[in-house]
Each structure stands twice: as C-alpha cells, then as structure tokens.
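Participant: Protein chains in written order, with the UniProt record's numbering: chain A, 1 to 247; chain B, 1 to 343.
Hints in this document: simulated from the structure, not taken from any laboratory. Hints are not guaranteed to be accurate.
Unchecked claim - Covered by chain B, per the in silico footprint, the following chain A stretches (three or more residues, Cβ under 8 Å): (1) 69-78; (2) 83-92; (3) 99-107; (4) 111-118.
Stated by the list, open to error - Pair ranges (Cβ atoms, derived): (5) A:116 / B:175: 37 to 45 Å; (6) A:115 / B:35: 23 to 31 Å; (7) B:35 / A:120: 26 to 34 Å; (8) A:228 / B:139: 39 to 47 Å.
Keep in mind that this is a model prediction, so the values were computed, not measured. Glycine included, C-beta positions come from ideal geometry on N, C-alpha and C.
Residue-level listing of the chains:
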Amino acid sequence: MSEAVLSMSGLHKRFGALQATHDVSLDLRAGEIHALIGPNGAGKSTLIAQIAGSLRPDAGQIHLGQRDITALGVARRARLGLGRSFQVSCLAEPLSVLRNVMIGAQALQGHSFRFWRPVSRDRSLLEPAYEALERMHLAHRADTPVAALSHGERRQVEVACALVLEPRALLLDEPMAGLGPEGSARLTELLETLKREVPILLIEHDMDAVFRLADRISVLVAGSVIAHGDSAAIRRDPRVRDAYLGD
Amino acid sequence: MTRLHPTTTPAAERPAGTNRWLDRAHLVQGGLLTLMLLAPVAAHLLGEVYYVNLASRIALVAMAAVGLNLAIGYGGMISFGHAAYFGLGGYVSGVSAYHAFDGSLVMGLPGSDDMLVIWLAAALLCGLLALVIGAISLRTSGVYFIMITLAFAQMAYYFANSWPDYGGEDGLPIYLRNSLPGLDTNHALSFFLVCFTGLVFSLALTSRLMKSRFGAALSMARLNETRLATAGISPFPIRLVAFVISAMITGLAGALYADLNGFVSPSMLSWHLSGELMVIVILGGVGRLYGPLAGAILFVLMETLLGGLTEYWKFFLGLVLLGVVLFARQGVIGWLAGRERHE
Chain A
1 MSEAVLSMSG LHKRFGALQA THDVSLDLRA GEIHALIGPN GAGKSTLIAQ
51 IAGSLRPDAG QIHLGQRDIT ALGVARRARL GLGRSFQVSC LAEPLSVLRN
101 VMIGAQALQG HSFRFWRPVS RDRSLLEPAY EALERMHLAH RADTPVAALS
151 HGERRQVEVA CALVLEPRAL LLDEPMAGLG PEGSARLTEL LETLKREVPI
201 LLIEHDMDAV FRLADRISVL VAGSVIAHGD SAAIRRDPRV RDAYLGD
Chain B
1 MTRLHPTTTP AAERPAGTNR WLDRAHLVQG GLLTLMLLAP VAAHLLGEVY
51 YVNLASRIAL VAMAAVGLNL AIGYGGMISF GHAAYFGLGG YVSGVSAYHA
101 FDGSLVMGLP GSDDMLVIWL AAALLCGLLA LVIGAISLRT SGVYFIMITL
151 AFAQMAYYFA NSWPDYGGED GLPIYLRNSL PGLDTNHALS FFLVCFTGLV
201 FSLALTSRLM KSRFGAALSM ARLNETRLAT AGISPFPIRL VAFVISAMIT
251 GLAGALYADL NGFVSPSMLS WHLSGELMVI VILGGVGRLY GPLAGAILFV
301 LMETLLGGLT EYWKFFLGLV LLGVVLFARQ GVIGWLAGRE RHE
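Next comes chain B alone, as it looks inside the complex (with noise of 0.2 Å):
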C-alpha cells in the first residue's frame, strides 16, 4: 500500500545547490580543522612549542583514529587491534632512524632518515601485515572479530617487547628527528604543518573514498551483506581491502607519532592504544568523516588538562563516553553538526 512521506522531496523539486558550503555541518567541519590550524599557529607566535607539539599529538591520534574509523565506521569491522599498525609505523621510523644513525643494514637494506623513504616503508609494511591480519580475521565476524584482531595485536606487542636488538620492552629511542627534503622537522611549528598534512590527506581520501564504486560496495558490505552478494559482490575482497588502507592511515599516523615523541617503544603496540583509538571513534562519532577529528581534539584535551589535575582523569573520559553512548549516538560531531543524511 503506498503512504506519502510529505517530508521526502524528490531531487528535481530540491532548489538547486541549497547553500551546500554553509550548513551547520561543514561550518563544523571547517571550524575545527581552521582551529587545528590555527591555534599551533598561535602557540607559536606566543613562544609555547609545547602547545605547538600538543597539537602535533592531537592531529596524529586524530589522524590514526581516521584509519581506524574506516573499518570500524564506514566498514562496520570493529578492530580491537589498530595499535598494531600504529605500533608497526612507529618501529619503522625508530628502526629505520636506528641504522641510518650507526651506518648498518636492516635485512640487507640500509637504514634512511628521510621521512619519504620511512611512510613508504611504514605504508607498505602495514599494508602486508593487515593484509595478512585481515584475511584471516575477516573469516569471523562480531566478538570473535575483535578478539582475534586483539590477539594478533598482543602477538605484535609481545614480540617488541622481547625483541633485544631494537630496545625490547625499554623502547627505541630516535636521537635525531628524521628529515624531510626542504623543511627543518625539528622546527615544531613545521613538524606540526606535516602532521596536519597528514590528517587533511586521511580525511581527504576517506571522504573520496567513500563516494567511490568501492564506497558504496563498503557501505552495502556494512549495513546489508546479503543485499551486496544478492547484487552480484562479494564482500570479503572489499572488506580486506577497507581494511588494508585502514591500516596503512593508521600506520602513517604511528610513524610520525614515534618522530613527534623521537621514542618508540611496545606501548605504542599495546591493547590500551588500540582501546583509545576505539575509544575516540566513538567519542567522535563512528562513521562520521570528521568524529575522529572531534573526539581526538576532546580526548587529548582531557587527557592534558584534566590528566594536569588529577590521576584520576580516566573517570570523567569515563563519564563522558557514557554520556555519548547515551544519548549522542553519533558522537561529539554529531551533537555540533547535526545527523547525517544517507544519499
């Protein structure tokens, strides 16, 4: 029986191009990646590198959670185990910084402290390991998925830490910031411009990405299996795919992280990572381009200011995790801009 939905418009009667740049959700958008911008850039003209370094952290966990966000938001594969490839990109700039510092072959190679040379290398490596990860785990699916991405996750971790040659569990120290050609990476306000350059080319290519072909068959892969199959597509090779690339963001994310902090070490591998990046998904919004973004930004504020109080802090990121999942179930960026509309 037909009803009529007085509310659906068809698009032809939809006036044209209805101020599409000036709704509440990209003024959002915009709003939080010029305050990213800009606020460093403040920090530094007052002389406060640690604000600067601050938001170098906060665009790098933003960054990382972009990739997580792909397979868990867009690709509804909720990885319990993300800190492996943050921790995998953060050894190759640590390893690769390692013997290019002393002169010494890596598996044959020499080590090199150009930044291009370690995404590459951080981008292929964890490109291969979640490719491996992911065609195994992506044989099961709900609990059985996020436990056997955290098992494979703890298998990294235990391995860094048992490992002698690169530190085990004492970390791997970076003693010079690796380099880029034309920019001084030890200047924090140019190190932070990579970072951000960064994340705007994880959101960027998550956005293009998922108004692709590819796009559509990971959303149809998310919210209806049978329908993709049913339409002639087998999800599994979309799925692992979304995975991969996840992975490679997240991992890219992990190798500036170890520059930022010029340390690398397992904890960067560990559970309580791959709960964080979980944890600010959620917080941000899950599936919405820029919720990583929102809930890095809350995560590591809270984490610093609140963390600067009391020990304590975990309870009130507690609370507030609680208060999203209650009644913001699109997280902070859906709160400030509004639910999403599917096309």
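Looking at chain A on its own, in the form it has when it is part of the complex (with noise of 0.2 Å):
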C-alpha cells in the first residue's frame, strides 16, 4: 500500500455531554476513493470540520503528507492542498463562475495584496480556472453568475474551486446530494478519472454511488469508526447492516 496523504490519528471532539467524534483514526492513500459513511447524527460533519480546520479537535493528530496540520486555520490547509465542497454550495452567488473559481488560483500564487494589476486580464489567473472548469465539463458556463446555475451544476462549480488549488487530497461532502440520477450518474464517473490524480475522502448518502466508486469504505457511527473495509467486505458486516444499512 501506498503512502497515506492524509491521515487522521485517534481524533477526539466533544460537545458537553456530546462525544462528536470518538477516537476516530482514518487514512487517504493515493490514487484512491475512500467513503466515509454514517446515519444522521454520526457526527460526519464534525469530523469534516475538523479535518478542514474550521474546527480544532480536543486530542489527535491531522497530517497532509509528512506535515502536521492539527494547528492550522483553514486558509492555511487549502494552500497547502487540501481542497474541499460543501453539503450545501458555498459559492458567491453575484459572481460569475469563473470568479469564484480564480480566488482559488489567487491564492495559490501568494499573498493577495496586489493592488493594481486587474485580475479580469490575468492570464496566470484564468488558465488554471478554465483549465478547472473544463475538467468539470463547466467552461461554457464561465461567464454565468452563480445564482443562474441549476443545483447540480453548482456542485461541480464546487469541485472545479477545489481542483483549482492543485489539490493533494479532496475532501467531498455529498457531492451527489439533491443531484438526480443523470447528474448524479455524471459525477460518479467524474470522480472515478479524478481518483488517479487526487485521492477523494468521500462523505455521501448515495450508497449506489458509494458502493460503485469507493476503493475503502469507514462506517461512522455514534462518533467512533466501528467498521472499515472495501465495499463487499462492508456490506457483508453485520453491524454496519443494523446501523446503517437497515435491512
């Protein structure tokens, strides 16, 4: 097996009473798709603070390669090359796509304040945006404002932000949520050429998408990993069964 890009060790996250995140230990190899799945309430979206940074962990170590990232905000992470989408987009939604996908480019290439030279004929800025957005069958979208897009193209407006930073490892959360099947059949195959070049940790609802594109899957429940396996091995478990599976 390859070497982890990014690996969490024994994370813990609590909220009064709440354990949110139990001693939760998970590795992203290269080259590969990595699921992290879990009913409601599992506390998926705590452990993605975390690893994004906008929130710290209690104990437990974050690592982007060799570098220990557990300190660092979320700026920092994403220059470094963790990229990121969101459950719900987050985008500006007055902006043209292109716009909110060269920010990315921009940061990339150092600090931002630069105060004279107009990004909108900044070639160092656009090739990488529409170069990002070709790989997301978006470009002739470039020009359209955000609040213009239908759901689904929103989603891998988001990707495209991502993949504008050079990423060394993704991280998705329900990409494929509200998509529709075409859409959503669109973006699995996507992801499945995106894998070779950026490992994905990938949080999603769809099991078909799931069970089709994961290489390793981690079953979160109750804050704590309490399977982890390739797609046969976890729909065979039991205990996933009766967590999460429900059948």
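Using the hints, build the complex out of the two chains.
Facilitator: Next up, the structure:
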C-alpha cells in the first residue's frame, strides 16, 4: 500500500455531554476514493470540520503528507493542498462561475495584497480557472453568475474551486446530494477519473455511488468508526447492516 | 440537471467592445463628474463664491463617503465610526496650522502649513488609528461591529472635547488656509480644484483597487467568507487593509474639509457625522463607485436648499432615504445608471 496522503489519528471532539468524535483514525492513500458513511447524527459533519480546519479537535493529530496540520487554519490548509466541497454549496452567488474559481488560483500564487493589476486580464489566473472548469465540463458556463446555475452545476463549480488549488487531497461532502440520477451518474464518472490524480475522501449518502466508487469504506456511528473495509466487506458486515443499512 | 439559460451569452459570442464607454452607466458617471466640475466654474464666472465653496463641500463630503463606501459597500464592514478618521484628518490640518502659526513644536516636530505635509501626516495617522481600531473591531461582526466602531469614534469625540490645548469643545480655528506650492489656496475655485482632484483620486483608487487581486479577495470576503478561506485566503488581513485604506481616504477628505471651513471642532468627530456619511453612502448606492458622489450631491443640496426653507429639512431627507431603501436598492446611482452587473 502506498503512503497516506491525508491521515487522522486518535481524533476526539466533545460538545458538553455529546462525544461527537471518538478516537477516529482514518487515512487517505494516493489514487483511492475512501468513503465515509454513517447515519444522520453520526458525527460526519463534525469530523469534516476538524479535517478542513474550521473546528479544532480536543485530541489527536491530522497530517497532510508528512506535515502536521492540526493547528493550522482553514486558509492555510487549503494552500497546502486540501481542497473541499460543501454539503450546502458555498459560493459567491452574484459573481460569475469563473470569478468563484479564480479566487483559488489567486491564493495559490501567494498573498493577495496586489492592488494594481486587474484580475480580468490576468492570464495566470484565468488559465488555471478555465482548466479546472473544463475538467468539470463547465467551461461553457464560465461567465454565468452562480445564482443562475442549477443545483447540479453548483456542485460541479464547488469541485472546480477545489481542483484549481492543485490539491493533494480532496474532501467532498455529499457531492451527489440532490443531483438526480443523471447528474449523479455523471459526477460518479468524473470522480472515477479524478481519483487517479487526487485521492478523495468522500462523504456520501448515495449508497449506489459509494459502493461503485469507493476503494475503501469507513462507517461512522455515534462518533466512532465501527467498520472499515472494501465495499464487499462493508455490505456483509452485520454491525453496519444493523446500524446503517437497516435491512 | 442542466437547464438552459438563453439570457447568458458566453464571452466569445459577445460582440467585441460593445460601446463600453457609451452605455448608460458611463454616461451617468461622466455626467455627474462633469457637472461637479463645471457648476463651480460657472459659479466662479458669475462671481458666486458661495456656490464654489458649496461645490468644494460636496466634493469633500463625497470623498469622505467614497472612503466609507470602500468599507461598507465593497468590504461589507458597516463602520459607524468613520467620523473618527474624518475628524482626525481635520485636527491634523488644524493642529499643524496652529503650530506653524506660532512657531511652536508638536510632539517635538514643527507645525507645517504645507498641505502636502499635512496630507501625508493625516493619511499616516488615520491609517494607524484604523489599524488599531480595525484590528480590534474586525474580530466582531454584524451589530457588534457597528457598535464597537461607534464606541471608538465616540472616544475620539470626547477626547477632543475635553482636551483644552486645541480649543476643546470650542474647536480650533485655522486663521490662514494651509498652502500648496504653486497654487493660491485662498482662491475659491483653485481650492475647489484641489478638492475635486482629491475626489477623482479617491474614485480612481477605489476603482483600480476593486479590479485587482486585492479587490477580488475583498469582494469574496463580503460575499462569502467561507469560500474565501476555503480557497486559501484568510479574510481578516484583507478586511483590515481595506479598512485602513478606507480610513485614509476619509481622513484626507477631513483634512481638506477643515481647510475649507477654516475651522475644526469635535463635531467633525461626532456620531452625527458618521451617520451622515452612512446616509450618503446608502442614498447614493452601497457598493457603487459613484454612489457616494450622487449621495453627497443630493444630501448637501437638500441640506442647503431645503434647510434654507425649513429647519425640519431632515424630515424630507428621511422621506427620500425611506424611498431609496424601499424602492431603489442600489440607491440614486442604481436608479440613474441601472443595476450593476457583476463580472
């Protein structure tokens, strides 16, 4: 097995009496999709927040490559190559798709205290942004305001925003949610190609997509990882059937 | 699911350079600036010095509001304390002139009646003050930000009010208007041109700034802070720098304003002034480059014309403001020049 690109070890997070994350250790290896599933309230969102940097764990470490990123903020982690998409799309609605993606390209080129040169003609920002959009088959929508996009297109823009960061690891939070069968199938295809370049930690409710895409699956219940394995093993695991699949 | 949006055209299909300088927005903006320049020239030719000075007042209030608009409109930072910078700029003018006049020292430095020196000092001091106030205030948001900026400005107000060296609550007169090399600043039209240049400079700076990488980051900090952070840029330093630049512009306007009136008093630091600047920004159009200019013209003209008829002119100002907030969300400039398209 190849070395872990992103790894968490012994993460704990407690809100009062609620143990939202209990001793979670996961890793993400090059070339794979590692799916994280679990029923509602299992602590998936809390775990993602800790990985992305918007929430500090009470204990445990997070490494991106060799680097300990546990104490770093969201922006710093993003610049180090942790790309993410949100469960509820998080974009600047009045701005064009292109502008939403360009801001990532800008961050990658160092500080933003450049006051003079207009961004609208800056090829070093435009080119990577268009490239990321093309990979998501969205280049034709570059000049459209995000507010005019369909739900599925917004999801794709989010992934493009993450891709433009040239990420070392991708964190996708329910990218299929609300997509419909056709959109979901298309995104599944995209992710299958994408994982060869960037490993993906996939949080997803769509079980068909998870079983089709994931190389490994971890099941989170009540803040703990109760099962871990490939899709065949997870399908067979009685605890998982009991806690989550419900049949 | 892909929907079709027939209204949106990819850039490549758009006819190249569609009369960019002849559209409504540019005509209105150009018209406002031309009016702003030609009206006082006409007044000067007719010998109406009062109206030349009125135009200077509009230009300076507009410039102060351009500064505030950078914070409120472009940065989403609702500062209710920009009087602090306007007043500090004014006091830099006044205090410097005072010491230049009697040849004494201020903090070991001689006073100066050279506007260039005064502007530099005003910009630096206002920037420094905004750096401190911003670094603390920007840790809050929403109503708390509004209140904390107000609190800082009120501190400045009471400080000036109770410090007897520079007139305290009576204010400080500037007996001789500060000078500029090669220009007679006592000449009303010449002084207007200085004010007008300041206004144009602040507009050009804001425009250029908002097109740059810094502007892109600031817009994103306003529209979606989480997106900015997720893209790898921390919002706080971007906001702080914008807040400082905003304060410097307002402070420069304040320095000139004291020279226009030949007087600076704590009223330049009061929350009324912060409120008036805010009203001007909202009247004109929040986040619109020429909004503060349109707002200042409307505000000062209403104050002068209606204020001459009735002391209850603010009642009518209130009505206009109500109308703008209810019916013209992008202010007077949105109503004149049309809604703005984002890129």
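Participant: Looking only at beta-carbon atoms, does the pair residue 228 of chain A, residue 139 of chain B fall within the given range of 39 to 47 Å?
Facilitator: holds (41 Å)
Participant: Could one say that the CB atoms of residue 116 of chain A and residue 175 of chain B fall in the range 37 to 45 Å?
Facilitator: Taking Cβ atoms as reference, residue 116 of chain A and residue 175 of chain B lie about 41 Å apart, which means the hint holds.
Participant: Examine the stretch 83-92 of chain A: at least three residues should have C-beta closer than 8 Å to a C-beta of chain B.
Facilitator: Result for this restraint: holds, n = 5.
Participant: Quick check: the stretch 69-78 of chain A, covered by chain B? Criterion 3+ residues, Cβ under 8 Å.
Facilitator: holds (count 5)
Participant: Checking C-beta pairs, does the stretch 111-118 of chain A have three or more residues closer than 8 Å to chain B?
Facilitator: The restraint on the stretch 111-118 of chain A holds, since 7 of its residues have a Cβ under 8 Å from chain B and three suffice.
Participant: Go ahead and decide if the range 23 to 31 Å is satisfied by the Cβ distance of residue 115 of chain A to residue 35 of chain B.
Facilitator: Between residue 115 of chain A and residue 35 of chain B, where Cβ atoms are some 30 Å apart, the hint holds.
Participant: Closer than 8 Å, Cβ to Cβ, for at least three residues: run that test on the stretch 99-107 of chain A against chain B and report holds or violated.
Facilitator: n = 7 at 8 Å, threshold three: holds.
Participant: Residue 35 of chain B and residue 120 of chain A, beta-carbon distance inside 26 to 34 Å?
Facilitator: holds (29 Å)
Violated hints for the displayed structure: none, as all numbered hints are satisfied.
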